[in-house]
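Full structure from sequences and hints, please.
Residue numbers (the working numbering), protein chains in the order written: chain P, 1 to 317; chain S, 1001 to 1253; chain F, 2001 to 2286.
Misleading hints may appear alongside valid ones.
In silico contact screen, one side only, chain P against chain S (beta carbon under 7 angstroms); selected entries [to be verified]:
1. L75
2. R188
3. L195
4. N196
5. L199
6. T202
7. A273
8. P275
9. I278
Treat the hints as calculated values from the structure; they're not laboratory data. Built from N, CA and C at the ideal position, the CB exists for glycine as well.
In case you want the letters, here they are:
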Amino acid sequence: MTRLAGTLVIAALLAALPLATQSDFVLTILVFAFLQGMVAVSFNLVFGYAGQLSMFHAAAFGIAAYATHLFMQHLGVGYWGGVLLGATLVAAISVVVGAICFRFRLREFYFAVVTLAFSEMARLTVLNWNSMTNGSLGINLQEKATLWIPGMGVTRIESTVGWYYLALAALGLTLLACWRLVHSWMGRAFAAIRLNDELGDTLGINVFRYKLVAFVAGSVMAAFAGSLYAYFLGSLEPGYLSIDQSLGIIAMVLLGGRSAVAAPVVGALVLTALPHLINFSAEVRSMVYGAILIFTILVMPQGIYGTFAQLLRRRHA
Amino acid sequence: MLEVRALTKRFGGLTAVSEVSFAIAKGEIVGIFGPNGSGKTTLLNLIAGLARPSTGEIVWKGTDIAGWQAHEIAATGLVKTFQNPQLFSELTALEHLLIAGHLALKRRMGWRRLATLFGREQISVDERARAVLALCRLESAREARAAELSYGEEKMLGVAMGLMCDPELLLLDEPASGLGAEEIESLENVLRDLKREGMTLCVIDHKVGFLRKLADRAISLHHGAKIAEGTPEEVLSNPDVVTAYLGRAHAAI
Amino acid sequence: MTQLIAGQLLNGAIVGTLYGIVALGVTLTFGITGIVNFALGVFMMFGAYAAWYFSDTLGLPYPLAVLAAVAVTAAAGLVADQALFRFTRNNLVNGLLVSLGLIAVLEACALLVFTSTPKELHRVLPGIVMVAGLVLPKMKLVVFALLLVVIFATYAALTRTWTGRAAYAYAQNPEAAALMGVATSRLQTGVVVYSCGLAGLGGALYASLYSLEPTLGSLFILKAIEAAILAGIGSVTGALLGGVILGVTEGVGSIYLPLAFRDAYGLVFLVVILLFKPAGLFAGRR
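Here you go:
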């Protein structure tokens, strides 16, 4: 009961935040943090819960972003049409990539390497298909995201406050979906696969099927995040699909923690806000991501959330 | 219920199980005796589908299941436990049973179980899991993680997981090995309770005393072949069996 | 046309030996410490920049600069091993994550110190050589020969010296080797240092042929890993062959397919091999 109460309190505070602060700066950081949080939480579903280290997540993020724009441009659909088509494309690609990997029973590390290879292939495609993607120059997005609001019809979302609520809602939905999934029998199947997949197999859990479901679900959630992120930022570039981006996602999850559905959001908040609070150059930011990755693996594998949770448990015991 | 005919398993030049034939009737506890290397575990693995027989038939409820996959066989009610408990280190005992109940859930609900993902929680599996925990005298360990359990509790959890699969015949591979006297007594009580509820059991173990008290009928293996069959007393007083266990010099118990 | 193909074959083979020497480091590290060290790419970059620094800024003669670069890179490898890799033995996923972290840190450092402006070594060995009617810079041949020598020397050391055979035995059966007196942790550290040295050598020689950028390591390590997996991680001569196969494919491929596909060949090899023949093409052979 207290957990539900705590969640509602936090949600209320977050919803009320724009009323308290006029700072565009703070709200912008939070929008980025929420959207990156979506990516991190969906990655944790695949990595933290199902135990598969997917290096394809950033690719899902980037492919959806580009696809949304291209569908809008070439098919004339509206924003959400583009988003849905983009997500569908990512779903289809993930099914293929995942089916290939899991059919061949690739174990964790080799799964990471093969998904890395597919991710690089995607990035090279985006980088070199100049006619569609403008290559390394990227694309400045002229269109804006739109939303149907009762009473106002389809409106463009251009203000930071508007984006704040959209991003918050998107993160909330992602968290809700992941939470339901994790606490259901399917979530238990994921845990079984992560901890001892041979045993899961003998107990009748179709390991291939559930690994694929986790992989595709996670990738699709990242796809939604990518479509939103690109339209908030206003530009597309091949760097969305880079290994650096994947690294950032992994760092967020490891920093925040893998043990709870919402834990990666902590990591996303810290890593998104940090470079803005302390003026980092891009190089120093990379260094910080790398150092965090090393630090969390060697010293604090449960992440911030996990360490706190453990301290609280010990205090109560 | 289960009939094994001329079952043989060869690993290259080694014959682990040789032309073994026996039957298990519903509701009885059959014990399999034999020294190390006599092929007991291999025999059980063959029956459960964890190994393919070289020749022979395994007739379960009228169908020859030789060559079937382990989870297919488990789905028909023939379940085997592991000698070394295979567990999920971070999960609680209750969660283990809920996962073990997955197969039953799938069989019972089919595709409709997807509705429980975002809707109402599936209660019946939870109830059954608690019932099994009670039966196995593991209630105190319900919320304990597998890594925290004692060896005896781990083994009992293995049996409990087997029970969650709705078995009609439960094959137990050395359930008493590594257990202290008190734990063995607890195990005996659980197995007798199971028999009383109508379950059929087939148990292999080293501990002659434990199996002699428990089993209705017994067979004995030596070098992969069946050398005796009958009540535990008959089998254990059979001179061939004694020689197999103790060597030629000690022909009297 | 055949001239073009022959030229690309030769060039591909030479680039392949560069892939091969790093792939050798990858294979050795995997066999003895149980992880795939992605960071060997940045060690290569480290060696390249070190060679440039010693030669260009400090004015040392090139061969001395190379030796100094190798020494410095090996030392860096020692530090990295003691501080980081020592804690990820046999844990492939953690090893991957830690290497990725190290890559991010070192590349960023290099960007800060050297900036992304490409650096070039003064002409080390100017002049060309005619080989069967093909024009080849002398330096490329020197590099090719040097790398081959080092790779075969490593092979010889593994099969003939006591340390080498101990390493090989350890890779086969760690427990047995330990019981027979092989000092495992020293062996593991030694292999990591040696692999970093190899990568540093590759980098230092690379510096004599191409211009340097901080990201050269990342480009190379993926190729080196592709080469190692193609050949079969664990095969020493395989590492060289894998590298050459990859280099040649890229070279010849770029004649027929647009340049953009060059990086894709290795990726396709990687996926196909891991799916269909995970042990690699030369699995089982030394």
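Each hint tested on the structure:
1. Residue-level restraint check for P/L75 is violated (minimum Cβ-Cβ distance to chain S is 31 angstroms; threshold 7 angstroms).
2. With a cut of 7 angstroms, the hint placing P/R188 at the interface with chain S holds, because the nearest CB-to-CB distance is about 5 angstroms.
3. Hint status for P/L195 relative to chain S: holds, with the closest Cβ pair at about 4 angstroms, below 7 angstroms.
4. Hint on P/N196 holds. Least Cβ distance to chain S is approximately 5 angstroms, under the 7 angstroms limit.
5. Look at P/L199: its Cβ gets to within about 5 angstroms of chain S, closer than 7 angstroms, so that hint holds up.
6. Given the 7 angstroms rule on beta carbons, the hint for P/T202 holds: about 6 angstroms separates it from the nearest Cβ of chain S.
7. Interface hint status for P/A273: violated, as the beta-carbon distance to the closest one in chain S is roughly 31 angstroms, over 7 angstroms.
8. The restraint placing P/P275 at the interface with chain S is violated, with a minimum CB-CB distance near 34 angstroms, outside the 7 angstroms limit.
9. Residue-level restraint check for P/I278 is violated (minimum Cβ-Cβ distance to chain S is 36 angstroms; threshold 7 angstroms).
In this structure, the earlier hints numbered 1, 7, 8, 9 are contradicted, and the remaining ones agree with it.
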